[in-house]
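Novice: Let's have the full structure, built from the sequences with the hints guiding it.
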Amino acid sequence: MVLVNGAEESGVVGQTIAEFLNQRSAPIENIVVEQNGTIVHRADFDTTKISENDKLELISFVGGG
Amino acid sequence: MQEPEIQGLKINDVYEGMKERNVKGSTEKLAAAHVTIAGAGGLGSNIAIALTRIGVGHLTLIDFDTVELSNLNRQQFKLSQVDMPKVVAMKQNLQEFNPFVEINIHQVKVTHDNVKELFADADIITEAFDNPAAKAMLLDAASEFYPDKPIVMGTGMAGIHSSNTITTKHPRSNLYIAGDGTSLGAEGLMAPRVMIAAGHEANMVTRLILGDKEI
Numbered sequence: 001m002v003l004v005n006g007a008e009e010s011g012v013v014g015q016t017i018a019e020f021l022n023q024r025s026a027p028i029e030n031i032v033v034e035q036n037g038t039i040v041h042r043a044d045f046d047t048t049k050i051s052e053n054d055k056l057e058l059i060s061f062v063g064g065g
Numbered sequence: 001m002q003e004p005e006i007q008g009l010k011i012n013d014v015y016e017g018m019k020e021r022n023v024k025g026s027t028e029k030l031a032a033a034h035v036t037i038a039g040a041g042g043l044g045s046n047i048a049i050a051l052t053r054i055g056v057g058h059l060t061l062i063d064f065d066t067v068e069l070s071n072l073n074r075q076q077f078k079l080s081q082v083d084m085p086k087v088v089a090m091k092q093n094l095q096e097f098n099p100f101v102e103i104n105i106h107q108v109k110v111t112h113d114n115v116k117e118l119f120a121d122a123d124i125i126t127e128a129f130d131n132p133a134a135k136a137m138l139l140d141a142a143s144e145f146y147p148d149k150p151i152v153m154g155t156g157m158a159g160i161h162s163s164n165t166i167t168t169k170h171p172r173s174n175l176y177i178a179g180d181g182t183s184l185g186a187e188g189l190m191a192p193r194v195m196i197a198a199g200h201e202a203n204m205v206t207r208l209i210l211g212d213k214e215i
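In order, the protein sequences belong to chains A and B.
The numbering of the first sequence is the numbering used here, which starts it at 1 and goes up by one.
The numbering of the second sequence is the numbering used here, which starts it at 1 and goes up by one.
Among these hints, one or two may not hold up.
[Unchecked claim] Straight line, CA to CA, 27 Å or less: simulated BS3-like cross-link-like pairs of lysine-lysine:
id, chain 1, residue 1, chain 2, residue 2
1, B, K149, B, K91
2, B, K169, B, K149
3, A, K55, B, K213
4, B, K213, B, K29
5, A, K55, B, K29
6, B, K149, A, K55
7, B, K78, B, K109
8, B, K91, B, K78
9, B, K169, B, K116
Since the hints were made in silico from the structure, they are not lab data.
Specialist: Structure below.
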């Protein structure tokens, strides 16, 4: 089981962060990802995999300022 | 030797007079603080004015852009400043509000490669970009180079939604995010609501300088 922003999500174990984010609606470049409390740097999106029991927090930014 | 004056008043009287209504005990901490603001647009110009007025001693403003007519519905520039680099125009305006603040400016685009250098002397990193990818980039890079520095950010202040949907959130130890989190800049951005988010950011920065880490 993987928790994404507090909600259970199935079928994502083994995916890379990049694969996981590309399935979502928000553009990948607007999102910062925390995996178990640590920010996954953008350069590591293609190589960092999601494991069983991971807690992911997605911080998604919108334009305007 | 004659004592130097500002507007016909003794410098020290001006300095003390301008602090008179600040919260007791805040002046020295504010004067010692260094805040770096990334972006001098709707958020950044309003944040910079607020922090300048209360006497934050050292401000660094970063923005690559020049003032355009379309900025003037929310950004604190003047018609006479169109086409000027925003950081140059902003510095002029801030110095008129409070000449006792040291203002450093960089007319440069913030990228992952220059974050380390640009924010080295910041006590608090303040994000005030328009572009969402730039916001995400700065949080990513700041967490890499300066994981212990507080970072205050903004997301979602567009349209004419209720003022009360704009809040400050504190998702992790040193990260603060103000805004409604959802309204898109494409809806239109106008001074009243952008200033609410800027006020949230500026007040969080002020609280952090004065030692309060709670939202």
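Novice: Look at each hint and say if it fits the structure.
Specialist: Cross-check of the supplied hints:
no.: 1; hint: B:K149 with B:K91; in the structure: holds (25 Å)
no.: 2; hint: B:K169 with B:K149; in the structure: holds (17 Å)
no.: 3; hint: A:K55 with B:K213; in the structure: holds (25 Å)
no.: 4; hint: B:K213 with B:K29; in the structure: holds (15 Å)
no.: 5; hint: A:K55 with B:K29; in the structure: violated (38 Å)
no.: 6; hint: B:K149 with A:K55; in the structure: holds (24 Å)
no.: 7; hint: B:K78 with B:K109; in the structure: holds (23 Å)
no.: 8; hint: B:K91 with B:K78; in the structure: holds (13 Å)
no.: 9; hint: B:K169 with B:K116; in the structure: holds (25 Å)
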